[in-house]
Structures are given as structure tokens and as C-alpha cells.
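These protein sequences, in sequence, are chains A and B.
Numbering-wise, the numbering used here comes out as the position in the first sequence, counting from 1, plus 8.
Numbering-wise, the numbering used here comes out as the position in the second sequence, counting from 1, plus 8.
I should point out that these hints are in silico values taken from the structure, not numbers from a laboratory.
Take these hints with a grain of salt, some might be off.
What the hints assert, rightly or not - Incomplete in silico selection of chain B near chain A, CB under 8 Å: (1) 9; (2) 51; (3) 61; (4) 83; (5) 121; (6) 264; (7) 302; (8) 340.
Unchecked claim - With the Cβ distance kept under 8 Å, some of the chain B side facing chain A (calculated, not the full set): (9) 55; (10) 58; (11) 73; (12) 78; (13) 115; (14) 122; (15) 125; (16) 146; (17) 187; (18) 188; (19) 263; (20) 265; (21) 293; (22) 294; (23) 341.
Positions of the beta carbon are idealized from the N, C-alpha and C atoms, including for glycine.
2 protein chains.
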Amino acid sequence: MVKINDNFLKLPGNYLFSEIAKKVSIFEKSHKESRLIRLGIGDVTLPIAPAVIEAVHKAVDEMGRKEGFHGYAPDLGYEFLRNVIAEKDYKARNCQINADEIFISDGAKSNSGNIQEIFSIENKIAVCDPVYPVYVDTNVMAGRAGIYQKETERWSDVIYLPCREDNHFIPELPKEAPDLIYLCFPNNPTGSAITKNELQIWVNYANKTGAVIIYDAAYEAYITEEEIPHSIYECEGAQTCAIELKSFSKNAGFTGMRLGYTVIPKELVRGGVALHSLWARRHGTKYNGAPYIIQRAGEAVYTEKGEEQIKKQIAYYMRNANVILEGLKNIGFKVSGGVNAPYIWLKTPDQMTSWQFFDFLLEKANVVGTPGSGFGPGGEGYFRLTGFGTYENTVEAVERIKRSF
Amino acid sequence: MVKINDNFLKLPGNYLFSEIAKKVSIFEKSHKESRLIRLGIGDVTLPIAPAVIEAVHKAVDEMGRKEGFHGYAPDLGYEFLRNVIAEKDYKARNCQINADEIFISDGAKSNSGNIQEIFSIENKIAVCDPVYPVYVDTNVMAGRAGIYQKETERWSDVIYLPCREDNHFIPELPKEAPDLIYLCFPNNPTGSAITKNELQIWVNYANKTGAVIIYDAAYEAYITEEEIPHSIYECEGAQTCAIELKSFSKNAGFTGMRLGYTVIPKELVRGGVALHSLWARRHGTKYNGAPYIIQRAGEAVYTEKGEEQIKKQIAYYMRNANVILEGLKNIGFKVSGGVNAPYIWLKTPDQMTSWQFFDFLLEKANVVGTPGSGFGPGGEGYFRLTGFGTYENTVEAVERIKRSF
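Next comes chain A alone, as it looks inside the complex (with noise of 0.2 Å):
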């Protein structure tokens, strides 16, 4: 009789997205009437880059010659992607990153869900709080999180990092010492970025403690202050410590599309092994690569034409966030993120629950945002609203939720 994998049922309730969409659809069978506008999930709205429509085209003409045709993709992804990352995402910003230590894939998700697997399961993993929920979930998929404590919604064996108002939510050295720990910034949910100085104080201590730092970069294309880094490997001795993950879904708009890219250095060594090669080996054996038209996708996002068109679309959104910004400022609300980052972070008001002022929203307002609780128990009493709209629907949006209070 096979047995399942009991880790999945201590997963509380239903991924977070899985959930809102839920309740939206819910309430718009009962809503005809109403028109929603949707700055919850962190997906794009404006249409992909010509430069990239066209590069398109011209591989899937490819694909239907037969001496355009390409079938599996190599193990890593095509030289010819991984090497204009190397460049532009690396080399440009002085970080010594080669093309073989970039590995293509579909996204950041998928990468951030599986680059546990090449770690033992007797690790203690550490996150911020609020966070991204695959990181935690995943984990707990693994048998890697303990037991889910109802009283704390917190996991018995994950160290958390409080990201508050009062550490201007860039968390603290744990007293802990975690084994992986999980880093994004820009962040997602807080939209808080983390200098250059803030940083190297983390790449020092897993240095020092033979810890694994998992940098999450989804959000680099909307750093905006000088003194962010782009890259963790912007800080000295990085290789020796980092992974970082990237995706082409929030830069250029590809998350119908599905592209993203992991960095594993070669020097990142541990008990007397290369993790690339561990890397290499799942990759190898569990995935067949991104699809060749969607990699040829990624590389016209580093054409001069595509980096100036997908500039004005992180522009176009960064408006948004500043519409939001300002906008909920002047109600009165407590806001941050928005200036390195796509996302606003709101504390709710009147005490409200996330859950709560999510309700509130989509019945008073018809917008659409995300729980702050949804991101782990740092987040209740906070809600997380993306620049990602239509500049109409944004201004919109504050419009209403203005005229709800």
C-alpha cells in the first residue's frame, strides 16, 4: 500500500494566490455588475516588448524549417542567452559571474521551490517575516519546517527574521544560526530595499557560519537608488556563499512567458562539494530546459531596442506605485515600499485584520490586493498592493478606496 507524503497535509489552507483568486471568483459570480480592479497578484499587465514580439516570431519561423528547427535545449540553457547575462546582469556591475555558472530555467518560482532539494533535509532553514510563501512551503513539502503551530503560525524548526516597522523591514542576524537562509530584495511583500553595507553584513555571516544564503532578485529592474546593490554579488565574497535567483517575469514582463535563470558560482563549496554540480545534476535529470523560443525571448530583452522599451514599462509601473504611494500617504494611511520595488505595503487601518481589509476592499472598493497575513504572521495587520495595473485602473483604485473611508 503506498503512502503518501504527510508533510503535505501539514500545510495549512490553500497557497496563497490559489486562495485570493478563489475568493474573487466567488464574489464576482455575485457581482455581475461590478469592475474589479486587480492590484493583488504580482502579474504584469502591459504587453510584451516589440523587440521581443519579434525575436519571437523569428525563432518560431525557426522552428518550422528544417534547418531552424531546435529540439532539446542544452543541459544549462543556450550559450546564447547565458552568455548576455553574464555580461549585462554581471560582468557589467563587476561581479565576477561566468556563463557556466548561470543554469536557464521557467521562472523564479519553479527555482525557489527546488533549490532546497540539493540540501539536506536535516537543515534549518531561516526567513523573513513576512515572506514569499513558496520558501516556507516548499520546505515544508521536504519535511524540512517541523510542525505548523496554530497559536503562532509559525513552523517549529524555521527560524524567522521579523521584518518591521521599526528595523525599516530589513531584518536583523538571527541569534540562531540558520543553515539556508532565505533573502529577496528588492522585496516581495514589502516592496523594502537593502543597501550595499546592509547586505555584506549577511554574505559576512554565512561566510562565517558556513551558511547558504538563497537571494531572491526578482525585483532588480526597479531599484532606483544609487546605494541597492543589483546583485548579492556585488558584495565581497559573495561566491563563496550566494545563490541568487533571477526571472525575465517582472523586468520584462514574462510571466505568461516563463523565464528565469539561477546562479550557482562554482566556488560555493560545502562539506567538500561543488553545490553547482549538485545543481547541474538535478537539472540535468528533472528538467528539460526552457522552451527555445522563450530563451531567444530572453536574449532580445538585452537588445539595445528591448532594454529601452522594457525601461519605459518598469517606469510606467513605478508611476503606478507612486500613484499609490502618494495617494494612500495623503489618506492617511501608513505606507512603504514603491520607490525600489513594485509593491506598496500598507499598514491596515482601524485595526482590521489582512483578511479583513482584503473583504473590505472587494466589497467597498472592488479592488483587488493581498493579505499581509498570507505572507506569514509578520504580515497581519499589514496588505500588500503592486504597481502593476493599467495607469487608469491605479488611479482608479486610490480613487475608491478613498471615497471608502
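Let chain A serve as the given structure and place chain B on it in line with the hints.
Frame of chain A, contents of chain B only:
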């Protein structure tokens, strides 16, 4: 100090196809004048069908326009694709599979590697010997295979189901009852097919013992004989014991496009839990769907034009398979497969080991094949060739092999 997943270190050598790629690359560098013919890795060579190319172009244009843009896909995949799969692959064959029991993904390799995650690591797996290496390797990584025994080249905790000439490469029920049974028919690597009656024995067995069958039907489109089932759900009672994995790689040439699906009937319950709900949770937490344009490509495979064009491609590959089968028979080889599958399975001549024959063919005929021993100890002394080359190359490869003796 972080600890790595030691299970990875138990894996002997590289993933089979990565190993072959390396050997071939070294050979090519020192034999620049040679023109290799690759009948090794199961990669296709014909371009994507025109009906599919047309659909992808259309979808790419949609992605470039505001009103047609698609972001994150629904968790299970787009309904337009799941509906047509349920209709054409199942209902048309009297299999009671609904669209909401189908999960769209990026291919059968990922699915066959990931599906083990929803089961306890205490389960005992059974695999055919020889077998597609992904089933075993991914269970090793999870810690479910025990210890590798060099003398027998077998894992201590894996139940092997010998597939030999004397059972026509169809496994018999094992003495020790497994919990998870991996079956792949039409088979990779042996090219053998299982009849509905033979498969029914396994379904009955799994229902009786509480085991779950993971049925890889990636080569279903190559079936030519009447009594061979296209889906395990053609057998009575399979809904309560079987998960089916399907791929677009081999029927529609999607090896570089990446699309597949997993079927988990809602009736499939173990320990009081529907496996569908576990996989849904895994899918929603660790994966963000196949690209919109690729799902549209999959939809086009089922159009009248698509089906017609794809049938011709399969006929083309099967003609190749026949060329190899008959050609090698004529030289005096012992061969099987090639009738319901694109694979030819041959006994190596002159007592050569599989890798000796690999080197022999590479050196003497400049033909790349796959050593049978790469698929497990039961494959030693065998060799796999595929019908996925061009017709011209296939004819020439057989000629070259003839001349090598």
C-alpha cells in the same frame, strides 16, 4: 553549516544522455572530418507542423497587444487545452477522464521526476529493467532507493522487473509487493508494447495491493496495432490506481517546445487523501505553468490540420524505424521494437558490452546510439537506436553499420 543532500552523491556517474553528449563532443573535436549520424538521444528532427507554427504566431501577436496579453496561467493550465485533451485523448477512447483531472506542464521528464514528491520516502518503488533513468535517479535523490550495489548495479531498495527476450520485454508481477510502480508503454528503451490484457493484470494487481502505477504513455502516438491500449484508463479500474504521464515531445516534435500533461483521476485515493489534491498543491506551489504561446501550440496539435500533419511526421519516423529494424535483421542482428514505438532494441554482436558497442559504432560507423546498460543492468548487452533521424541519414546509418562488419 549547511549540509548537502547526500543522496545526490550516491548517484554513480552522470545522467546518461549528458554522458553521451560529452563522449560525442570529445570525438567530434578529434575527428573534424567525420559526419556523425545521431540515432541516440530520443530527440526529433522534423520541424514543427505548419498548423502549430501558425497558432504560435497568432498567440505571440496576442502577447504583444494589450488586449491579448496573458500573464500567469491558471494553476492546472488553460481550459482550452485541457478540454481538447479530455475530449480527444480520453472521451474519444471511452476513458472517463475530465478536464479538471488534467494538469498541463512543461513535459514528461519534469513530471516523471517530480511526481514522486507527493509520496512518502518510505515507499518502495518498482521499475522495469532496463528503464528510462529518470524514474530511478529522481527516487535516489529523494532517498527512496537505498544503497547502490556496485556488483549488481542495482539499488538495494528498488524492486526490479526484468524485461528480457524470454518475456518479450513485458514484466511479470513481482514477488515482493511494491508501493509505486513505474510502467512505460510503448516502452523506452526497448520499443516493446503492452496489450490491454497484459496491462489489465497490472491494474488489477495495483488495486488489490493498494499500489499506485505511474504510467508513462509518452510514445502512445506510435502505436500501430489494434490490441495495444493508448491510455492505461482503457483498462477497467485504472481510475483508482493509476497516474498517467503524457508528452507532446514525441507525437508533435515538441522536444524544444516543452509541453506535457499529467492525469490524476479524482477517484485515486490513498490513506484517505485524493492524490489529485496533493499534486494540485505541488503544482500550485512550485510551478507557474507552461507558457501561454506553448499551450496554444498544444491546442493546435488537436486541430484537423494539426492531426493530419502530425500523423505524417509519425509515419515518417516509423518508416525510419522500419528501415533500421529490417536492415539490422538482414545483417543478422537480433532486434525488437520499432512496430508500436520509434525505438529499436538490439542485442550487441560478438558479446560486446553496451558501451563497447557504443564506441565501436561511433568509431567505425560514426553513428551515435544509446548503450542499453545506461538504462539499467538488464540493458547490458543491448543497444537502442531511434527512428527520429532523417530518412536519408537512417538509410545511410544502416549502410554504415553493415559496412562495419
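Hints versus structure:
The criterion of a C-beta within 8 Å of any C-beta in chain A is met by residue 9 of chain B, whose closest approach is roughly 3 Å, and the hint holds. Nearest Cβ of chain A to the Cβ of residue 51 of chain B: about 4 Å, under the 8 Å cut. The hint holds. This hint holds: residue 61 of chain B has a C-beta 4 Å from the nearest C-beta of chain A, less than the 8 Å allowed. With 8 Å as the threshold, the beta carbon of residue 83 of chain B comes within range of chain A, its nearest partner Cβ sitting at about 6 Å, so the hint holds.
Below 8 Å, beta-carbon pairs count as interface contacts, and residue 121 of chain B has one with chain A at about 4 Å; its hint therefore holds. Checking residue 264 of chain B against chain A by beta carbon gives a least distance of about 4 Å; that is within 8 Å, so the hint holds. This hint holds: residue 302 of chain B has a C-beta 6 Å from the nearest C-beta of chain A, less than the 8 Å allowed. A hinted interface residue such as residue 340 of chain B counts as satisfied when its beta carbon comes closer than 8 Å to some beta carbon of chain A; here the least separation is about 32 Å, so the hint is violated.
Residue-level restraint check for residue 55 of chain B holds (minimum Cβ-Cβ distance to chain A is 4 Å; threshold 8 Å). Evaluation of the residue 58 of chain B hint against chain A yields a held restraint, the C-beta minimum of about 7 Å falling below 8 Å. For residue 73 of chain B, the interface hint holds, the least distance from its beta-carbon to any beta-carbon of chain A being 5 Å, beneath 8 Å. Because the beta carbon of residue 78 of chain B sits about 4 Å from the nearest beta carbon in chain A, less than 8 Å, this interface hint is met.
Because the closest C-beta pair between residue 115 of chain B and chain A is about 5 Å apart, less than 8 Å, the hint holds. Checking residue 122 of chain B against chain A by beta carbon gives a least distance of about 7 Å; that is within 8 Å, so the hint holds. Checking residue 125 of chain B against chain A by beta carbon gives a least distance of about 6 Å; that is within 8 Å, so the hint holds. Against a cut-off of 8 Å between C-beta atoms, the interface hint on residue 146 of chain B holds, since the closest Cβ of chain A lies about 6 Å away.
Given hint, residue 187 of chain B at the interface with chain A, holds; its Cβ is 4 Å from that chain's nearest Cβ, closer than 8 Å. With its C-beta approaching chain A no nearer than about 6 Å, residue 188 of chain B sits inside the 8 Å limit, and its interface hint holds. Because the closest C-beta pair between residue 263 of chain B and chain A is about 4 Å apart, less than 8 Å, the hint holds. Nearest Cβ of chain A to the Cβ of residue 265 of chain B: about 5 Å, under the 8 Å cut. The hint holds.
For the restraint placing residue 293 of chain B at the interface with chain A, the shortest Cβ-Cβ distance is roughly 5 Å, inside the 8 Å limit, so the hint holds. Using the Cβ-Cβ criterion of 8 Å, the hint placing residue 294 of chain B at the interface with chain A is satisfied: the shortest such distance is roughly 4 Å. Look at residue 341 of chain B: its Cβ only gets to about 27 Å from chain A, farther than 8 Å, so that hint breaks.
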